[in-house]
Each structure stands twice: as C-alpha cells, then as structure tokens.
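**Q** Listed below are the residues making up each chain.
Protein chains: 2
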Amino acid sequence: MSEAMLKTGATIGILGGGQLGRMLSVAASRLGFACHIFEPGVNPPAGDVAAKVTTANYDDLAALTAFAKSVDVITYEFENIPTEALDHLESLCPIRPGREALRVSQDRITEKDFLVGLDLKTAPYAAVDTLEALADALATIGTPAILKTRRFGYDGKGQARIMAPVDAPLAFANMAGAPSVLEGFINFTHEVSVIGARSIDGQVSCYDPGENVHRNGILHTTTVPARLTSSQRMDAVLLTANILNALDYVGVMGVELFVTSEGLIVNEIAPRVHNSGHWTQNGCVIDQFEQHIRAVVGWPLGDGSRHADVEMHNLIGTDMDRVSTLAAEGNAALHLYGKADVKSGRKMGHVNRLVPKKPAKT
Amino acid sequence: MSEAMLKTGATIGILGGGQLGRMLSVAASRLGFACHIFEPGVNPPAGDVAAKVTTANYDDLAALTAFAKSVDVITYEFENIPTEALDHLESLCPIRPGREALRVSQDRITEKDFLVGLDLKTAPYAAVDTLEALADALATIGTPAILKTRRFGYDGKGQARIMAPVDAPLAFANMAGAPSVLEGFINFTHEVSVIGARSIDGQVSCYDPGENVHRNGILHTTTVPARLTSSQRMDAVLLTANILNALDYVGVMGVELFVTSEGLIVNEIAPRVHNSGHWTQNGCVIDQFEQHIRAVVGWPLGDGSRHADVEMHNLIGTDMDRVSTLAAEGNAALHLYGKADVKSGRKMGHVNRLVPKKPAKT
Numbered sequence: 033m034s035e036a037m038l039k040t041g042a043t044i045g046i047l048g049g050g051q052l053g054r055m056l057s058v059a060a061s062r063l064g065f066a067c068h069i070f071e072p073g074v075n076p077p078a079g080d081v082a083a084k085v086t087t088a089n090y091d092d093l094a095a096l097t098a099f100a101k102s103v104d105v106i107t108y109e110f111e112n113i114p115t116e117a118l119d120h121l122e123s124l125c126p127i128r129p130g131r132e133a134l135r136v137s138q139d140r141i142t143e144k145d146f147l148v149g150l151d152l153k154t155a156p157y158a159a160v161d162t163l164e165a166l167a168d169a170l171a172t173i174g175t176p177a178i179l180k181t182r183r184f185g186y187d188g189k190g191q192a193r194i195m196a197p198v199d200a201p202l203a204f205a206n207m208a209g210a211p212s213v214l215e216g217f218i219n220f221t222h223e224v225s226v227i228g229a230r231s232i233d234g235q236v237s238c239y240d241p242g243e244n245v246h247r248n249g250i251l252h253t254t255t256v257p258a259r260l261t262s263s264q265r266m267d268a269v270l271l272t273a274n275i276l277n278a279l280d281y282v283g284v285m286g287v288e289l290f291v292t293s294e295g296l297i298v299n300e301i302a303p304r305v306h307n308s309g310h311w312t313q314n315g316c317v318i319d320q321f322e323q324h325i326r327a328v329v330g331w332p333l334g335d336g337s338r339h340a341d342v343e344m345h346n347l348i349g350t351d352m353d354r355v356s357t358l359a360a361e362g363n364a365a366l367h368l369y370g371k372a373d374v375k376s377g378r379k380m381g382h383v384n385r386l387v388p389k390k391p392a393k394t
Numbered sequence: 033m034s035e036a037m038l039k040t041g042a043t044i045g046i047l048g049g050g051q052l053g054r055m056l057s058v059a060a061s062r063l064g065f066a067c068h069i070f071e072p073g074v075n076p077p078a079g080d081v082a083a084k085v086t087t088a089n090y091d092d093l094a095a096l097t098a099f100a101k102s103v104d105v106i107t108y109e110f111e112n113i114p115t116e117a118l119d120h121l122e123s124l125c126p127i128r129p130g131r132e133a134l135r136v137s138q139d140r141i142t143e144k145d146f147l148v149g150l151d152l153k154t155a156p157y158a159a160v161d162t163l164e165a166l167a168d169a170l171a172t173i174g175t176p177a178i179l180k181t182r183r184f185g186y187d188g189k190g191q192a193r194i195m196a197p198v199d200a201p202l203a204f205a206n207m208a209g210a211p212s213v214l215e216g217f218i219n220f221t222h223e224v225s226v227i228g229a230r231s232i233d234g235q236v237s238c239y240d241p242g243e244n245v246h247r248n249g250i251l252h253t254t255t256v257p258a259r260l261t262s263s264q265r266m267d268a269v270l271l272t273a274n275i276l277n278a279l280d281y282v283g284v285m286g287v288e289l290f291v292t293s294e295g296l297i298v299n300e301i302a303p304r305v306h307n308s309g310h311w312t313q314n315g316c317v318i319d320q321f322e323q324h325i326r327a328v329v330g331w332p333l334g335d336g337s338r339h340a341d342v343e344m345h346n347l348i349g350t351d352m353d354r355v356s357t358l359a360a361e362g363n364a365a366l367h368l369y370g371k372a373d374v375k376s377g378r379k380m381g382h383v384n385r386l387v388p389k390k391p392a393k394t
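Those protein sequence lines, which keep their order, are chains R and S.
Just add 32 to wherever you are in the first sequence, counting from 1, and you've got our numbering.
Just add 32 to wherever you are in the second sequence, counting from 1, and you've got our numbering.
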C-alpha cells in the first residue's frame, strides 16, 4: 500500500454540504471512510449521510481549525471558497485538489489565461472593470457577447447578455461593481463535457464525454454517448488530461467544451465533481464521486468504463411533482437530495435513464 | 402519489447499525430520505452515513419511545429483535416488514412449519429440548445431522454437527440449554438464494438467483447467474413470491435454497436485505437496499433487472490486507464497512467483480 494511501476508517473533510457533498460522502462510505462536512448553512443535504457536520462560516477560524484537526484530508464540493479560509486550512491539513486548481478556476480571466497558455482554444475575452473598458471590449469582441463576473458565478448567476452595444450600461450595472469579463459568443453546435480524474501519483482517467443541454442557464440533461467523431472524442480526452497534468491535479474535474466546426473550445473548468458527471452513478462500475474520493485519499483510480447508454435529467424546482411517476419508470434510477424546500431553479435531484449498451458492430 | 408513499425528507428508523444498516441508509439517501439508527453498540458502521444515531439497549423503553416518535417508519437490518421492544415500537410507529415475518423467522421450528404449510420442501426437522428428545430425533432423522438453536443463530453460530449418535451429548451441551432443532443433512449439489421484494400494494419483484459458497459457516461468494435450469429458476422465483405473499410481506427478503435432484429445498428465510444480494449494487439499476427502502416507504419497486454477470466476494477479517490490490483491479467495485477493528470471522467488506452481460444467443 502506498504511504499516501489513507486507510479505511480515516475521515475526509468536505467543504460544502450540498448535493455534491452528499454524494461524495456516500461514495466515501463505500470505501470505508467517514466524512465531516463544513457548511455555513443549517441542515445541509450532506448532513444526512455524514459522520459529523460543522455549521460555521468560512471566517470562523476556530471552527476551521477544529475541522481541519479532525480530518485526514480536506476536499470540497465547490470552487468558491474564500482564500483566507483555504490559507488557514492548508496550514493544518492537506487540501485536494490543490490550491493551484482553485486559484486558476476561481477567476474567469486567470482560467482563460491558463487555458490559452496550454494552447487550448477559448472564447475571445477581455477584462472589464469600467463602463469604458466594456465599450472597448465590445469594439474588439463584437456582439452578441456575454458579460460575467470574474468570480463566484454559477448556474447562470452573475451573467448578462449583450445583444447590441445599447445593452452595455444595463449589463454593466447588473455586475454591481464586481470585476468582470466580456466573452464573445461562440458559434457552436452543441456542448459536451469531460469528467476527468487524476490520482496522487499522476494516473489519469476520463469518463466517456457527455452531451449537455442547458435551460435557463442550468444544466437540463446530459446524454452519453455524446455526438462526437472519434477524433473529437480523442481530442476532448487528451486536452482534459493536459489540463489535469498542468495543474498537478488530484481529484475529479469537469471540463465543459463547445463543439464547433473549428474544433473544441473550452468553456470552463470546474475543480470538483460535476453535475454533467452524475450519469456515471448508473453507467459505470466506479462513478465520479468514488473516483474523486479515491484520488483525494491516495488510492488508485477505479474502472470508469461505461456499460450503458445514459440520459441524466436534472429535477429542478417543481419537477419534484413528477417523482411518483418517475419512481415507477423502468430502467430509471432516481437520485434525490433530501432538500425540504422546493424553490424555483433549485436542483432537487436527478434521474438517470439507462439503455443497455449495444455490442459494437463487427 | 399513493397516500402511503412517504415523501422525500421523511425519516426512516433502522434497528441495527451494522453494514446492512449502513448500506440501507445510503440507499435511503438516494431517494431523499434521512435515517435514524437504533443500535446498542457504540460507533456503529451505519452511524457514519445516518442523520441520527441512538445508542441504547432494546430494553430501554424511553430510548425506544423517542426513537419511534422521531421517525416515519421503522425497518431493521436483522431479525433477532426482542419481542418486547417490537411490541413497544409497533404501538408508536409502523414497522415494515411486519411482525408476522419476524415471528416466523425468529424461530427455526416456526419457520419450517410455515414453509411446510405452503407445501414447500425443507430438511427433515424435529424440536429438541432434552438429550432424550435428541436421541429420538436422531433415530428418525438419522446422521449426519445438525443441531441448531431455535433462535438467535447467524453465520454458523449456535450450530453443531452430529456425524454419529456418539456426538449427540457434546452437540447438545453446545446448545447451552437453549431450545433447539435437529435438522437432517440434505444431499444438495449447490446452494442458491433469491432476493425477493414485495411492495406495500402487493407488487412482487425478484432478482436473478445467485449461487452461494460458504466457508466456515460464513458466506464466501455469490455468483450470478447461478447454475439453474430455466425451470429451476422459475420455481425459485415463484416459491419466493409464494412466501412473500403468504406473509403479506413489505420489503426485501432473502430465501436460501438447496438445489437437489428432487428439486429445490428451502434452507432458511431472512426478513431483510441479505449478504447474498450484495451483487445487486453493481449488477442492477436498483439494488436490494434501495428496493427495500422503496418498499418500506410505500414506493413502487424499482427495476431490478440484471445488466452484468457478477461475482460477489466477501472480505472477512484479514482479507482486508488485500484492499490495496483489490482497489487497483479493473471491473471491480469495493464496498468497505468502515469497521475499525479487524477480527477473525468478521465481515469487513465485499468486492463485486463484473463481467458485462453477453447478449442472448439468437
């Protein structure tokens, strides 16, 4: 056994107690690990399946200290953890994936600079801190374009479309003074994502890419296999490996890609398990959650080969009304997050619909 | 939605906090339910993945009351729950599977009488309370035979083989005065088991039978598909449905069967999820744990069809030394129970090895 390999019975600290933390904790339990959740919100979904929950804010140094001292490794379910909290935690306990992945992915400009530095394609982009800078950026990038906060955006939040220069002042006002980035629109046929994993000793494994459809800025469905030529599929996997290696990454990462006539363009990277990888729970022997846990505890990666065609369908808000129907559907696996309050736009669960994989034609 | 159907966010009480409770709690979380574990032992394996744990004995009426009042339905991971505790709990909260299944399965004589009443075959058996009764029973049943305590036996505990009448006194002494049953040996080729499920409205679903190999009285491997003719497979499933319906059963049950030249003989039934059904975690869309939870919360049963050939291998005691090797094996899913102390004969985990299912020959 590698020295770095945590033994069954060790405790994993997870920053964030939402559905991703919940499913990470379940995966950790399969390998004999207990989880301790750190989450500012009360009654977090992950708390139902964790050995311990700390309810505290990220500026509570005493709580962070006690948390870090109670666990053997720290991971996280979201990338927007305050830097000061990370500095403090890192002085007490290893954090995986490491700081570099967080530094890069917490800021859209830093992330795009990093990707461009790897010779990967991104949408045209420019930093925007003033209305004048926005006008300059629009002159270069053109419309339509999209203005986004550099930090702390998710699920379409902190974004404004600019269809013509006249929309610029309102879009800028919507950023509420936050440093922003203007991104040019990409003429893409569809979006795919690769869920990649890298172990502590540099082993890389990627799941088969999935094809994503969004509605109202929120992921609606992911379908595997995605519509990709075999060379596109190869490109998608290799560029993901490239990103993982460049960051000396440990854990699972989601890489969103636009498919265009000029090749694959990287939309964004997420240094964590990813909604578009939920299909792996029912399509693979080892799902993305266990793969992430394996990586962060220093285990070898598991077998992520796909044994079925899957469509993952998110259940948002009042989609929960359909649960009794979905529960009775054949070849369907429901995954609900135990959230008490149904809210519009809130991710409440997902369903994985399976079609057994056809044997390859010979 | 059926009135009996518990909604996401409800709490399931589980009596027993071992590995079965642990895996039931994980399955419950997938459907949005929280679990409250009642367990006399400290730091139970299920506690790592439960919203709440009560550490108390089964004669602690105050603890039982508080537990029952905090949950919406009660289920259990083992059948040997003291009757007084059940009486008390049942007065406060529904228990599923119901009392009849426990009454029948808690006593080997009652169980065999019940099976015989359904026209099912069992080993020849006779109640033994005295050494004289044992001599009489041996005269009828012959040797070899096996003497077992009527109640509270598991994993080969509370059993003694009698190869010749001269062994009788020692075997009887081993029962330590507990009411016992003498069972005749069955000349069987192999053992199979059926994991059956029945919903609250009487829907029945069975997993494909698995073939079991025991070592030292403990399950060693379960392999699917089992060696059975199609008519034997049909018989196995139908007799399981017969048992489930006769008990008005709600939940998952394990039915162990001996395969003989004269047909299938029922070895024993277990009114709970069963070690020989662990393969379903990686061979089916819906595993036995979720199937059990679905039944006890009043949901429709899920799709338990099998998509792979699987060999489940228990990890007992020092088998844990092989974890680092198993972790790197392809097509293998590890399931560890998080038990801190490795003890001889203790179930520490299991591994499911998969072979993708071959398409049926046409």
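Be aware that a few hints might be false.
[What the hints assert, rightly or not] Dumping the calculated EDC-like pairs for lysine to aspartate or glutamate here, alpha-carbon to alpha-carbon at most 16 angstroms:
#1 K39/S - E294/R
#2 K39/S - D373/R
#3 K39/R - E122/S
#4 K101/S - D119/S
#5 K379/R - D353/R
#6 K153/S - D280/S
#7 K153/S - E164/S
#8 K153/S - D351/S
#9 K84/S - D104/S
#10 K375/S - D353/S
#11 K153/R - E294/R
#12 K39/S - D351/R
#13 K375/R - E343/R
#14 K153/S - E300/S
#15 K101/S - E132/S
#16 K39/R - D373/S
#17 K39/R - D353/S
#18 K101/R - E132/R
Derived by calculation from the structure, the hints in this document are not laboratory data.
**Q** Tell me, which hint numbers fail for this structure?
**A** Going through the list in order, the structure violates hints 1, 3, 6, 7, 8, 13, 15, 18 and respects the others.
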